[in-house]
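The hints should help you fit chain B onto chain A, whose structure is shown.
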Amino acid sequence: MIIEGRYVTLRPLVPDDAEITQKWRTGGRAKLLNRGAQTVEEQRAWIASRPDNEYNFVQVLTETGQPVGMISLVDVDLVHRRAEPSHFLIGEEAAVKPYGSKVAFEAVKLIYQLAFDTLGLHRVYGPIAGDNTGMLTFHRYLGMREEGRLREHYWLNGKWQDAVMIGMLETEYRTVALPKLNALLGDE
Amino acid sequence: MDKFTAQEIIFGAIAEVNATRAHERPGTPLVPLLETTVLSGENPAVDSLELITILTSVEETLTEEGHYGINLADDAAIGKSPWETVATLRDFIVERLDG
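Just so you know, the protein sequences line up as chains A and B, in that order. All residue numbers for the first sequence refer to our numbering, where the first residue is 706 and numbers rise by one. All residue numbers for the second sequence refer to our numbering, where the first residue is 17 and numbers rise by one.
Since the hints were derived computationally from the structure, they do not count as laboratory data. Certain hints may be false.
[Said to hold, decoys possible] Label pairs and their in silico Cβ distance ranges:
| id | chain 1 | residue 1 | chain 2 | residue 2 | range |
| --- | --- | --- | --- | --- | --- |
| 1 | B | E80 | A | R755 | 43 to 49 Å |
| 2 | B | N87 | A | K728 | 35 to 41 Å |
| 3 | B | P45 | A | L824 | 40 to 46 Å |
| 4 | A | N758 | B | E81 | 46 to 52 Å |
| 5 | A | G825 | B | N87 | 26 to 32 Å |
| 6 | B | H39 | A | V719 | 44 to 50 Å |
| 7 | A | T769 | B | D90 | 29 to 35 Å |
Being a predicted model, the structure only gives us computed values, none of them experimental. In this text, a Cβ means the ideal position worked out from N, Cα and C, and glycines have one as well.
Looking at chain A on its own, in the form it has when it is part of the complex (with noise of 0.2 Å):
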């Protein structure tokens, strides 16, 4: 599965991806998430076995095609109509910068679109670390809400951290997230 959005793609994550990936995921802007493969075959392996409930993607500038990050849909449940947004990472951040947050910004919009106008999910929710503050906000300014919080849930940079739980009904996606993600992108 392919999304092309206007600034950015979302195309399918596979394991001649490692090399890219397994940087961004154990540069300074991924000290805050949880623990990844410390080796490019780790990483290799790690996509290679990723389970048919979840979709992976990089993202890909649209203009471009150059690969600057990663974002994905884990434990996509149809039954309870349930999934987690995850591996929320821009990895490249000069390439991203001409174009503002936008990239960010329109990841999560495609991400949110898969979830709820593709699939016809009900809710989406995952945990954050505690000490991860900025994109706590930045998934509260969007609509999600702190739905509970597991004590001592992660061992992160040498200490202990919570897991704050967040989550988003379909209703509050429509009536808060989608807006703001417009006006964030000055979409219509």
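Chain B only, in chain A's frame:
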């Protein structure tokens, strides 16, 4: 609200971003406290997470000062991005509060 006050609120939000940068990414250049600082559009001084942090902080400060119900993204006119620079965001806040 006058322009100076609105701009100070934005600078306060940028100062929060700068504090986080200094803590989490030492050595990263700080976001300039200037009215010409680009927040969105081409080659901004902040990334997407930082832009949202600034908008959230500004909305919270406005609420604390008694300006309830301000939602910058929801209030923006369709097709417009009033947060392109500090100056455009400042002017949007003043216009929104006076409107």
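Hints versus structure:
no.	hint	in the structure
1	B:E80 with A:R755: 43 to 49 Å	45 Å, holds
2	B:N87 with A:K728: 35 to 41 Å	38 Å, holds
3	B:P45 with A:L824: 40 to 46 Å	41 Å, holds
4	A:N758 with B:E81: 46 to 52 Å	47 Å, holds
5	A:G825 with B:N87: 26 to 32 Å	28 Å, holds
6	B:H39 with A:V719: 44 to 50 Å	36 Å, violated
7	A:T769 with B:D90: 29 to 35 Å	33 Å, holds
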